[in-house]
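**Student:** Chains as they are written, first to last, in this note's numbering: chain A, 16 to 171; chain B, 178 to 505.
Since the hints were made in silico from the structure, they are not lab data.
Please note: incorrect hints may appear among the correct ones.
As the list claims (entries may be wrong) - Some, not all, of what chain A presents toward chain B, calculated at C-beta under 8 Å:
#	residue
1	Glu41
2	Thr70
3	Lys89
4	Thr97
5	Asn98
For glycine and all other residues, C-beta sits at the position ideal for the given N, C-alpha and C.
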Amino acid sequence: MNRHLPASLSALAFSLALSVAASAAEPVSLKGDVQVERTVTANGTTKTVLAPPTTVVPGDRLLFTTRYSNDGDKPVDSFVVTNPLPAPVRLAAEEAGYEVSVDGGRTFGRLAALTVADAAGVRRAAQLEDVTHIRWTLAHLAPRASGALEYHAVVR
Amino acid sequence: MTYAQTRIAISLAATAAVLAAPALCPEARAASVAAGTLIENTASASFSAGGTTRTVDSNTVTVKVDELLDVALASKDSAPVSIAGGSAVLAYQLTNTGNGPEAFHLTANPAVSGNPFTAVVTAIAWDSNGNGVYDAGIDTVLASGTATPSIDQDKALTVFVVVTGPGGMTDAQTSKVNLAARAVTGSGTPGTAFAGKGQGGGDAVVGASGADADADGVLVASVATVALVKSATIADPFGGSQPVPGASVTYTLVATIGGSGAIGDLRLTDVIPAGTSYTAGTLRLDAATLSDAADGDAGKASASGIDVLVGTAAAGSTHTVTFNVTIQ
Numbered sequence: 016m017n018r019h020l021p022a023s024l025s026a027l028a029f030s031l032a033l034s035v036a037a038s039a040a041e042p043v044s045l046k047g048d049v050q051v052e053r054t055v056t057a058n059g060t061t062k063t064v065l066a067p068p069t070t071v072v073p074g075d076r077l078l079f080t081t082r083y084s085n086d087g088d089k090p091v092d093s094f095v096v097t098n099p100l101p102a103p104v105r106l107a108a109e110e111a112g113y114e115v116s117v118d119g120g121r122t123f124g125r126l127a128a129l130t131v132a133d134a135a136g137v138r139r140a141a142q143l144e145d146v147t148h149i150r151w152t153l154a155h156l157a158p159r160a161s162g163a164l165e166y167h168a169v170v171r
Numbered sequence: 178m179t180y181a182q183t184r185i186a187i188s189l190a191a192t193a194a195v196l197a198a199p200a201l202c203p204e205a206r207a208a209s210v211a212a213g214t215l216i217e218n219t220a221s222a223s224f225s226a227g228g229t230t231r232t233v234d235s236n237t238v239t240v241k242v243d244e245l246l247d248v249a250l251a252s253k254d255s256a257p258v259s260i261a262g263g264s265a266v267l268a269y270q271l272t273n274t275g276n277g278p279e280a281f282h283l284t285a286n287p288a289v290s291g292n293p294f295t296a297v298v299t300a301i302a303w304d305s306n307g308n309g310v311y312d313a314g315i316d317t318v319l320a321s322g323t324a325t326p327s328i329d330q331d332k333a334l335t336v337f338v339v340v341t342g343p344g345g346m347t348d349a350q351t352s353k354v355n356l357a358a359r360a361v362t363g364s365g366t367p368g369t370a371f372a373g374k375g376q377g378g379g380d381a382v383v384g385a386s387g388a389d390a391d392a393d394g395v396l397v398a399s400v401a402t403v404a405l406v407k408s409a410t411i412a413d414p415f416g417g418s419q420p421v422p423g424a425s426v427t428y429t430l431v432a433t434i435g436g437s438g439a440i441g442d443l444r445l446t447d448v449i450p451a452g453t454s455y456t457a458g459t460l461r462l463d464a465a466t467l468s469d470a471a472d473g474d475a476g477k478a479s480a481s482g483i484d485v486l487v488g489t490a491a492a493g494s495t496h497t498v499t500f501n502v503t504i505q
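Looking at chain A on its own, in the form it has when it is part of the complex (with noise of 0.2 Å):
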């Protein structure tokens, strides 16, 4: 940057660098958010209502969203997004549009087709608890797309 610029000018075109700089490295923007499910009863008739995950305690259903969206003009392909499941929740059912990984995201399939080795190295079949990462596959995504990925966990 040229230091003998005026202020203003500088301030511009250290903007204008950015925004070419955000956009080149970002096309694609993922916000993350958590809501815990809770059940209310009102005039005999219980529903499932979502609510800000103020107190969340052991054996509470959380719902994780990552919001996805191509903020760009250009397309992307193979757009792929994993999230490692954190330690202190599992994953509550096994719901479609992810695939699931029982190995620290190394190899991803159905449950049903994943095995895991107990404490002696005999393989068994993986368990909703066994899962650490989940992963959705978008072959494609045009411009101005957007979406939200979503699994239910509960906490351990």
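Could you slot chain B onto chain A? The hints should help.
**Tutor:** Using the frame of chain A, we list chain B on its own:
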């Protein structure tokens, strides 16, 4: 549940979990994450754009795990605890099944519905020397209104209720003593939250147990009873059995100890009937001769009567005292 059953239950619960109250799910019971634990979630994406592969991370969302208040209580006595007139000690195991350190208030109630007798609670103590046995004067007695020490998550404390037996117990009767524990932080309807009261400044939430629990210890009365039967046989000077002057009367006192336990300080006394006189040297306990003098042996006899201190007499035993008098 076994490990495999737990997993099956979890997958079933997950299928139908939308209808279950989340905080009450039974799967929360096993080794819960500690209060204060941070759940941090970050997703990352990789993609190709313009012929290059790029990655981008999401922001990290963080949830702090609050404290779940849960407790379990069970009797540690494998069989009813025998109680006689003195004191007896009931043992209970108090387990903090919540996910943070917690202390508990204890209340002992000896008046359980259906009890044939009501023991008197003299102390509630905890096993402060950790040997599993109540040591009077060593284990810490909880003064009224005082809570237990803080118990860590999934840890247990042995607590003792010291009672004494009331009068009027009948042998082999059983009575219960109910011990109740409730979390100091709070208890009540599952799901009740106490803002800011949890470990690490988070909230505390009442778990499925209601943060209170109770258990019955069982006492069995050990009461020994004494049945005393007195009989007499007469030997007259003529070889018959007529109560004539000069005839000798042998009195036999038989004490039969029934029930269970033992009688302490069993003492048999009798007076010499009017019109008769004690025959010196005839006092016997269980066929052994006792001197008439008040001396080292168990008995003494005089013109007025006999007095035999049997001492401790166990249930099932009998003790026989005999002495002779002469009809004047």
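**Student:** So which hints don't hold here, by number, going up?
**Tutor:** Structure breaks no hint.
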